[in-house]
Amino acid sequence: MKSFTAISGGIIPLGRSNVDTDQIIPKQFLKLIQRTGFGEFLFHDWRHEPDGSMRPGFILDDPAYKDSKILVTGSNFGCGSSREHAVWALCDYGFEVIVASSFADIFFSNCIKNGLLPARVGKEDALTLMQKKEARVDLISQTITAESHTIPFEIDPQAKKILLEGLDDIARTLNLEEKITRFERDSKTPSIL
Amino acid sequence: MGTSQSDIMGRTLLEKIWDSHVIADEGNTSLLYVDRHLIHEVTSPQAFEGLRLAGRSVRRPDLTVATMDHNVPTSRSLPMADQTSEAQMRALERNCTEFGIRLFGIGSPRQGIVHVIGPQLGITLPGTTIVCGDSHTSTHGAFGALALGIGTSDVEHVLASQTLWLERPKTLEVAVSGVRKNPLAVTAKDIMLMIIRKMGTGGGAGSVMEYRGQAITALSMEQRMTICNMSIEAGARAGLVAPDEKTFEYLEGREFTPTNFDSLVGEWRELYTDQDAKFDGTFELDIGNLAPQVSWGTSPEMTCDITQNVPDPAEFADEQKMRAAQRALEYMDLVPGTPMQEIKIDRVFIGSCTNARIEDLTEAAEIVRGQKVLPGVSAMVVPGSQMVKTEAEKMGLDSVFIDAGFEWRESGCSMCLGMNPDILLPGERCASTSNRNFEGRQGAGGRTHLASPVMAAAAAIHGHFVDARDLF
Numbered sequence: 000m001k002s003f004t005a006i007s008g009g010i011i012p013l014g015r016s017n018v019d020t021d022q023i024i025p026k027q028f029l030k031l032i033q034r035t036g037f038g039e040f041l042f043h044d045w046r047h048e049p050d051g052s053m054r055p056g057f058i059l060d061d062p063a064y065k066d067s068k069i070l071v072t073g074s075n076f077g078c079g080s081s082r083e084h085a086v087w088a089l090c091d092y093g094f095e096v097i098v099a100s101s102f103a104d105i106f107f108s109n110c111i112k113n114g115l116l117p118a119r120v121g122k123e124d125a126l127t128l129m130q131k132k133e134a135r136v137d138l139i140s141q142t143i144t145a146e147s148h149t150i151p152f153e154i155d156p157q158a159k160k161i162l163l164e165g166l167d168d169i170a171r172t173l174n175l176e177e178k179i180t181r182f183e184r185d186s187k188t189p190s191i192l
Numbered sequence: 000m001g002t003s004q005s006d007i008m009g010r011t012l013l014e015k016i017w018d019s020h021v022i023a024d025e026g027n028t029s030l031l032y033v034d035r036h037l038i039h040e041v042t043s044p045q046a047f048e049g050l051r052l053a054g055r056s057v058r059r060p061d062l063t064v065a066t067m068d069h070n071v072p073t074s075r076s077l078p079m080a081d082q083t084s085e086a087q088m089r090a091l092e093r094n095c096t097e098f099g100i101r102l103f104g105i106g107s108p109r110q111g112i113v114h115v116i117g118p119q120l121g122i123t124l125p126g127t128t129i130v131c132g133d134s135h136t137s138t139h140g141a142f143g144a145l146a147l148g149i150g151t152s153d154v155e156h157v158l159a160s161q162t163l164w165l166e167r168p169k170t171l172e173v174a175v176s177g178v179r180k181n182p183l184a185v186t187a188k189d190i191m192l193m194i195i196r197k198m199g200t201g202g203g204a205g206s207v208m209e210y211r212g213q214a215i216t217a218l219s220m221e222q223r224m225t226i227c228n229m230s231i232e233a234g235a236r237a238g239l240v241a242p243d244e245k246t247f248e249y250l251e252g253r254e255f256t257p258t259n260f261d262s263l264v265g266e267w268r269e270l271y272t273d274q275d276a277k278f279d280g281t282f283e284l285d286i287g288n289l290a291p292q293v294s295w296g297t298s299p300e301m302t303c304d305i306t307q308n309v310p311d312p313a314e315f316a317d318e319q320k321m322r323a324a325q326r327a328l329e330y331m332d333l334v335p336g337t338p339m340q341e342i343k344i345d346r347v348f349i350g351s352c353t354n355a356r357i358e359d360l361t362e363a364a365e366i367v368r369g370q371k372v373l374p375g376v377s378a379m380v381v382p383g384s385q386m387v388k389t390e391a392e393k394m395g396l397d398s399v400f401i402d403a404g405f406e407w408r409e410s411g412c413s414m415c416l417g418m419n420p421d422i423l424l425p426g427e428r429c430a431s432t433s434n435r436n437f438e439g440r441q442g443a444g445g446r447t448h449l450a451s452p453v454m455a456a457a458a459a460i461h462g463h464f465v466d467a468r469d470l471f
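Going down the list, the sequences are from chains A and B.
Quick note: the first sequence, position 103, residue 102 per numbering that gives the first Met the number 0, numbers continuous.
Quick note: the second sequence, position 383, residue 382 per numbering that gives the first Met the number 0, numbers continuous.
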């Protein structure tokens with residue numbers, strides 16, 4: 000996984016709370032068996048009518064917001080289904096940071112596994128950022144700078160470390176194999192046989 | 000004798016399970032051993048591909064079980080019309096063969112929704128850690144297991160290492176008291192919808208919710224599963240109920256229940272929250288006057304009593320909630336002030352990991368028996384597993400539903416998420432026993448009202464929602 004230190008980019012404001020992963024990537028796109036190619040289906044049902052034609056007015060399709068890297072949104076972003084396809088779609092589309100006042104737990108964890116920074120800010124700060132065009136997000140200092148505003152964000156220290164170092168989670172765990180083997184020897188987990 | 004920290008302070012049920020599974024700690028994050036890993040076709044292909052690319056194997060195939068549920072058609076005509084779904088199912092077959100994992104595939108009598116078959120087969124056990132690439136894994140918490148939904152990267156991580164890194168969750172006590180006046184009409188689903196309605200969909204964030212109190216212990220195992228199932232709709236990491244005699248009785252003699260069952264029961268009796276343990280938070284609910292619940296909006300917290308009217312967004316104090324309600328009513332095509340009982344429905348779905356077990360079908364059948372689905376309404380029953388289906392057929396429930404005009408299908412997730420051909424058409428309104436009423440969840444443009452099996456069954460007969468308390 001590539002490491003994350005700081006990025007600068009355009010902001011897309013999405014002023015809604017409880018955006019669920021069914022909206023981020025609807026179920027009809029969960030049948031691919033690769034990790035790539037989900038970007039074009041991001042927020043599909045908000046961008047399209049049920050007959051498949053484009054629905055005008057959704058912010059992602061506004062040329063002014065093309066190539067933005069930072070999504071700023073309301074509370075409890077990513078709630079609902081555990082589908083990691085939601086994170087793959089956001090990454091594939093080009094987002095590198097999601098800013099919200101809170102994230103759903105599984106979504107947050109999925110972000111970290113994919114090098115997507117979920118930056119938690121205060122509710123007022125999220126509203127402030129939604130008014131801005133661009134920002135610089137620095138993970139080391141945990142700040143978002145937009146024009147004259149510098150806004151701090153929260154992230155769990157362990158998640159920060161993983162993002163900064165671009166750690167391969169599985170390799171890291173398999174370094175602890177001796178401990179895992181010892182646990183298996185001492186515990187009595189019944190096999191499913 | 001030395002006195003350890005745990006002798007001084009009582010522990011919650013979560014802490015007991017957590018402590019017995021920690022392999023390593025890093026700050027507030029721990030590496031936990033995983034006792035059971037459940038797999039299905041939709042969230043696993045990329046995980047297996049990752050293993051292959053890295054040249055890794057599955058560490059404990061004997062603790063891993065797979066089934067097909069999310070996109071299986073519920074009328075089993077093969078070859079499948081949907082070739083991408085079929086490709087995904089074939090990929091699971093190949094992956095299970097290559098990595099030596101037991102698969103209950105389509106055609107197996109053990110096939111079913113992963114959260115229905117786990118308990119039915121005795122794979123779900125108290126005090127264990129269970130993970131699955133599906134958010135409703137919380138269901139298994141009804142047995143006093145720490146059961147977590149995970150993403151595909153974590154599925155790969157568990158396949159490779161049989162472990163999971165997890166931030167230590169907060170403990171949230173959900174204390175439920177009171178006795179339901181009409182337990183046939185006011186069900187576990189209604190209790191849970193009320194909890195979500197009061198707590199909000201983010202109310203349990205970062206927490207494991209332990210459901211306690213006389214109103215919870217009075218519930219059957221299947222009812223407890225309905226409660227724990229929707230913990231995720233309250234935003235929680237997992238749900239828990241302490242195991243008791245009902246739990247042990249349910250598990251005894253099931254196909255994969257371990258042979259040393261009696262000695263395990265002895266250990267399981269220690270799985271409860273100590274009296275002097277402290278929770279990080281408590282939420283209380285008295286269900287003495289609880290009414291049947293029906294959702295009106297596009298989030299599970301947007302729910303009200305069946306006797307109430309569709310709310311007026313202007314009455315929401317919080318501006319964001321007001322705008323969300325406006326948006327939801329527009330999507331749902333509902334006018335504020337409309338009595339919930341006057342909402343006409345086009346479709347009825349009785350199914351899903353929330354409400355497709357034998358008790359759910361039995362209760363719904365009591366409403367349906369001798370009645371007819373209102374002409375113009377399309378209603379279907381999708382049993383949660385082939386085992387549920389077989390049991391229901393032995394009881395003659397299939398005839399009850401079919402005689403009334405319901406379709407009687409093969410098991411799967413079906414119209415809960417509409418990955419298979421069972422979907423709502425744009426604009427169709429559905430009374431559904433599932434767990435999510437998100438926009439488009441059951442089909443693009445479809446409108447979902449969450450309700451209990453008896454409420455959904457009654458809606459099929461009447462063509463609109465009715466108060467189930469008037470029927471018993």
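In short, the hints are calculated from the structure, not lab data.
All values reported here derive from a predicted model rather than from experimental measurement.
Positions of the beta carbon are idealized from the N, C-alpha and C atoms, including for glycine.
Don't take each hint at face value.
[Said to hold, decoys possible] In silico DSSO-like links for lysine-lysine, alpha-carbon gap of 27 Å or less:
no., chain 1, residue 1, chain 2, residue 2
1, B, K197, A, K187
2, B, K320, A, K132
3, A, K68, A, K122
4, A, K122, B, K197
5, B, K169, A, K122
6, B, K393, B, K169
7, B, K320, A, K122
8, A, K159, B, K245
9, B, K320, A, K160
10, A, K1, A, K160
11, A, K68, A, K159
12, B, K169, A, K178
13, B, K320, A, K131
[Unchecked claim] Computed footprint of chain A on chain B, listed as stretches where at least three residues anywhere in the stretch have a Cβ under 8 Å from a Cβ of chain A:
no., segment
14, 22-30
15, 62-71
16, 244-251
17, 457-470
[Stated by the list, open to error] Not the full set, but computed from the structure, chain B residues with beta-carbon under 7 Å of chain A:
no., residue
18, V41
19, P44
20, S176
21, Y271
22, L373
23, G375
24, M418
Checklist entry - Holds or violated: are the alpha carbons of K320(B) and K122(A) at most 27 Å from each other? => result holds, 14 Å
Checklist entry - Straight-line Cα separation of K68(A) and K122(A) no greater than 27 Å? => result Given pair K68(A), K122(A) holds - Cα atoms ~20 Å apart, limit 27 Å.
Checklist entry - Taking 27 Å as the top limit, are the C-alpha atoms of K320(B) and K132(A) close enough? => result holds, 26 Å
Checklist entry - Given the proposed pairing of K169(B) with K122(A), does the C-alpha separation stay at or below 27 Å? => result The given pair, whose Cα atoms are some 22 Å apart, holds under the 27 Å limit.
Next on the checklist: Min Cβ distance, L373(B) to chain A: is it shorter than 7 Å?
Outcome noted: violated, 26 Å
Checklist entry - Keeping to a limit of 27 Å between CA atoms, is the pair of K169(B) and K178(A) held or broken? => result holds, 26 Å
Next on the checklist: Tell me if the straight-line CA distance from K320(B) to K160(A) falls inside 27 Å.
Outcome noted: The hint is violated at about 35 Å.
Checklist entry - Under the criterion of a CB-CB separation shorter than 7 Å, is G375(B) in contact with chain A as hinted? => result Not OK, violated: G375(B) not within 7 Å of chain A, min 21 Å.
Item to check | Three-residue Cβ test at 8 Å for the coverage of the segment 62-71 of chain B by chain A | outcome: holds (count 5)
Checklist entry - Is it true that the CA of K122(A) sits at most 27 Å from the CA of K197(B)? => result holds, 21 Å
Checklist entry - Is the hinted pair K197(B) and K187(A) satisfied, with a Cα-Cα distance of at most 27 Å? => result violated, 40 Å
Checklist entry - If you look at each residue in the segment 457-470 of chain B, do at least three have a Cβ nearer than 8 Å to any Cβ of chain A? => result It is violated, with 0 qualifying residues against the three required.
When held up to the earlier numbered hints, the structure conflicts with 1, 6, 8, 9, 16, 17, 20, 21, 22 and 23 and fits the remainder.
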